[in-house]
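Since the structure of chain A is already known, use the hints to place chain B on it.
2 protein chains.
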Amino acid sequence: MPERIYNFSPGPATLPVEVLQQAAKDVVNYHDKGIGLIEMSHRSKDFIAITDEAESLVRELLNIPQNYKILFLQGGASTQFAMVPMNLLGPGKIGSYLNTGTWAKKSIKEAKIIASAHVAYSSEETKFDHVPSDADYTVDPAAEYLYFVSNNTIYGTQFHTFPKSEKMLVCDMSSDIMSRPFDITPFGLVFAGAQKNMGPAGATLVIVREDLLDRVPENVPTMFRYKTHADKGSMFNTPPCFAIYVIGLVCKWLKANGGLPAIEKINKEKAAILYEAIDGTDFYRGHARKDSRSLMNVTFNLPTPELEAKFVQEGSKLGLDGLKGHRSIGGIRASIYNAFPKQGVIDLVEFMKKFEKTA
Amino acid sequence: MPERIYNFSPGPATLPVEVLQQAAKDVVNYHDKGIGLIEMSHRSKDFIAITDEAESLVRELLNIPQNYKILFLQGGASTQFAMVPMNLLGPGKIGSYLNTGTWAKKSIKEAKIIASAHVAYSSEETKFDHVPSDADYTVDPAAEYLYFVSNNTIYGTQFHTFPKSEKMLVCDMSSDIMSRPFDITPFGLVFAGAQKNMGPAGATLVIVREDLLDRVPENVPTMFRYKTHADKGSMFNTPPCFAIYVIGLVCKWLKANGGLPAIEKINKEKAAILYEAIDGTDFYRGHARKDSRSLMNVTFNLPTPELEAKFVQEGSKLGLDGLKGHRSIGGIRASIYNAFPKQGVIDLVEFMKKFEKTA
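Residue numbers (this note's numbering), protein chains in the order written: chain A, 1 to 359; chain B, 1001 to 1359.
Chain A extracted, bound-state conformation:
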């Protein structure tokens, strides 16, 4: 096996190599039981234990009290864009939204199909280069919730403090969940696709306050009701078994490495190394406003698109892979989630310095 490349992809993304190795063993023969993990009935004792453990690790790491349900669903964050208003609003009711990028916009679109959406703030005019402070907007008094995206993968922006509001918060944490501790109590619901910080594609974590489960209107189909899944411990139908299993392994890895306070410290260190390199020269220019910079996705530009293309290509040859920015803002994006190694960031910075000299 050749050395591992440094994978800067925005998701699916780098996972801990120990997790991959354990998964490989279990896929063929789970705990030497003579059956592959992905062949096991989801109703078997062994698989129920896997799901229970994954759930309890998520609860422990994120410090989630018992009045919140933890669900493993399918369909990605994009399905949640619709399920949130289907379950928490219903026709005629209003959700307030902070429009900080593509994913927020998509969720606003779905809310408008199902109910009503009030856009309390938008940073679209400045190419989504920042997230707002509380003073920058007013939430609709009639709104049922205030919805925001904690980290904007495409633009490299992140809320460093969460909005304070009289309304309950609803948050898409797909790209920074498990990267830092936070207090769940102001939240009605938090969701996150697994494929950035928690595992492979194919499972969506939903954390929902129990008292909200009964809000759902009667005409919502069974599979799109949170209550359906909450009542059956995510086992109403066959769940995405492999993805749940890997989430459990990633949570174990996180716990063994000191949990969220420890990973937050490392995430800050990694991002600081990269932002320092960007700020130390005019050759590289950060896309995000400094007060909104993401610790997960670091976005920057070079003097010309041609140089950016060359940068991506030469980086790739050195095993620095997946650095091409999203087409909507171009440039470079380095995604450095929890499992991305610090050495990869150091190597990237070294490459940046060399590239600048020879460019």
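By construction, these hints were calculated from the structure, which means they are not laboratory data.
It should be emphasised that the depicted structure is a prediction, and the values quoted were computed from it without experimental measurement.
In this text, a Cβ means the ideal position worked out from N, Cα and C, and glycines have one as well.
Any given hint could turn out to be false.
[Said to hold, decoys possible] Just so you have them, the derived chain A footprint on chain B, three or more residues with Cβ under 8 Å: (1) 1040-1051; (2) 1073-1085.
[Claimed, not checked] Calculated lysine-lysine pairs in the BS3-like style (CA-CA distance at most 25 Å, straight line): (3) 33/A / 1342/B; (4) 45/A / 25/A; (5) 25/A / 1252/B; (6) 109/A / 1232/B; (7) 1112/B / 1093/B; (8) 310/A / 1045/B; (9) 164/A / 105/A; (10) 106/A / 1227/B; (11) 232/A / 1106/B; (12) 1033/B / 317/A.
[What the hints assert, rightly or not] What follows is a set of in silico ranges between Cβ atoms, one per label pair, in the way DEER data are often shown: (13) 34/A / 1162/B: 30 to 40 Å; (14) 66/A / 1217/B: 36 to 46 Å; (15) 1137/B / 256/A: 58 to 68 Å; (16) 1257/B / 290/A: 58 to 68 Å; (17) 313/A / 1059/B: 32 to 42 Å; (18) 256/A / 1272/B: 48 to 58 Å; (19) 290/A / 1092/B: 48 to 58 Å; (20) 32/A / 1257/B: 22 to 32 Å; (21) 1043/B / 350/A: 18 to 28 Å.
Relative to the frame of chain A, chain B by itself:
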């Protein structure tokens, strides 16, 4: 590694051991590229090639013409119970349903939430021990489609010839897709969860006639519209990458072993061995009517529930695992999908003979 057990689970179910071994390698290091399969961006060249290949193998094996789209979705068959009427009916329109068991009933329930369902036939009175012939029912003349479940996992019944109707057919083939060739042309839509005959849990195959994509009413959320996924080649959002990859491996295995005509022959042989054993004694009694017997799930009873429990327990000790029948009809169920080895069926029959003698 100890020997593999014989896994008679109804799904997730036995997969070819070569597939598991290949998956294990690729999970850690895909084709020696220094990146794990489940870490790869779904937008990467390598992963797009995986999806394209899986799609084209499904098309080839099932002989699907170009005017049908092949989609890999999430949410299982249970999500399709709602998506079918959301996309093909809409308020006020009617679907005709053949109620041959639990999964048919659930799909009828969803159709009634969204539109209108006409139950053209039900075998509920005889504990769903058979599927109907065309002469047994009349389809509602106003119906948009005739919906049926090709194989009923719980009861062990199967349509050996598909319904003939002026209406287009819609079919839940979750538990027997890829087990035999069939002609897609009378079908508007076919769907199947992957976790029985095609791969692990977490992906749902949908085959839909292209001209039906525009039927969807405007108020259906983006993710629940087939058109959304068809327009983007199942890549509108992050797909269930691992499950799609394994489906591709299973399809390659099927093709290498002679495709669907060859696997159908083996499936008939395996089932014949088991039904012959059941019919050769009064000790074992088949649940399904002989004309409706499933080649995938063989259901039978013993003289008493106590003997059935003992049978399951002793079988399990011999490595004959997952034989307990579904709680709704009790008894024994042996699920013998494509990848289930013939030797496992021979061993089961041997065990049945010994058990009868000592009982």
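Do the hints match the structure? See the list:
1. Note: the stretch 1040-1051 of chain B has 4 residues with beta-carbon separation from chain A under 8 Å; the three-residue rule is met and the coverage holds.
2. With 8 residues having a Cβ less than 8 Å from any Cβ of chain A, the stretch 1073-1085 of chain B passes the three-residue criterion, so the hint holds.
3. For the suggested pair residue 33/A and residue 1342/B, the alpha carbons sit about 21 Å apart, so the restraint of at most 25 Å is met.
4. Among the hinted pairs, residue 45/A with residue 25/A is consistent with the structure: their alpha-carbon atoms are about 19 Å apart, no more than 25 Å.
5. Simply put, residue 25/A and residue 1252/B have alpha-carbon atoms about 22 Å apart, close enough for the 25 Å limit, and the pair holds.
6. Pair hint residue 109/A plus residue 1232/B holds up; C-alpha atoms about 18 Å apart against a cutoff of 25 Å.
7. As the CA atoms of residue 1112/B and residue 1093/B are separated by approximately 10 Å, the hinted pair is consistent with the 25 Å bound.
8. Of the supplied pair hints, the one linking residue 310/A and residue 1045/B holds, its CA atoms being roughly 19 Å apart against a limit of 25 Å.
9. Proximity of residue 164/A to residue 105/A is assessed by CA-CA distance (about 21 Å); at most 25 Å being required, the pair is judged to hold.
10. Restraint check for residue 106/A and residue 1227/B: the C-alpha separation of about 17 Å stays at or below 25 Å, so the hint holds.
11. Only pairs whose Cα atoms come within 25 Å are accepted, and residue 232/A paired with residue 1106/B is accepted, the gap being roughly 16 Å.
12. For the hint pairing residue 1033/B with residue 317/A, the CA-to-CA distance comes to about 12 Å; that is within 25 Å, so the pair holds.
13. At about 37 Å, the CB distance of residue 34/A to residue 1162/B agrees with the hint of 30 to 40 Å.
14. Between residue 66/A and residue 1217/B the CB atoms are about 40 Å apart, so this pair conforms to the stated range of 36 to 46 Å.
15. The hint said 58 to 68 Å for the Cβ distance between residue 1137/B and residue 256/A, and at roughly 59 Å that hint holds.
16. Between residue 1257/B and residue 290/A the C-beta distance comes to about 60 Å, which sits within the given range of 58 to 68 Å.
17. Taking the beta carbon of each, residue 313/A and residue 1059/B are about 35 Å apart, inside 32 to 42 Å as hinted.
18. The hinted range of 48 to 58 Å is satisfied by residue 256/A and residue 1272/B, whose Cβ atoms lie roughly 52 Å apart.
19. The beta-carbon spacing between residue 290/A and residue 1092/B, approximately 56 Å, falls within the hinted interval of 48 to 58 Å.
20. For the pair residue 32/A and residue 1257/B, the beta carbons lie near 28 Å from each other, so the given range of 22 to 32 Å is met.
21. At about 27 Å, the beta-carbon gap between residue 1043/B and residue 350/A stays in the expected band of 18 to 28 Å.
When each numbered hint is compared with the structure, no violation occurs for any of them.
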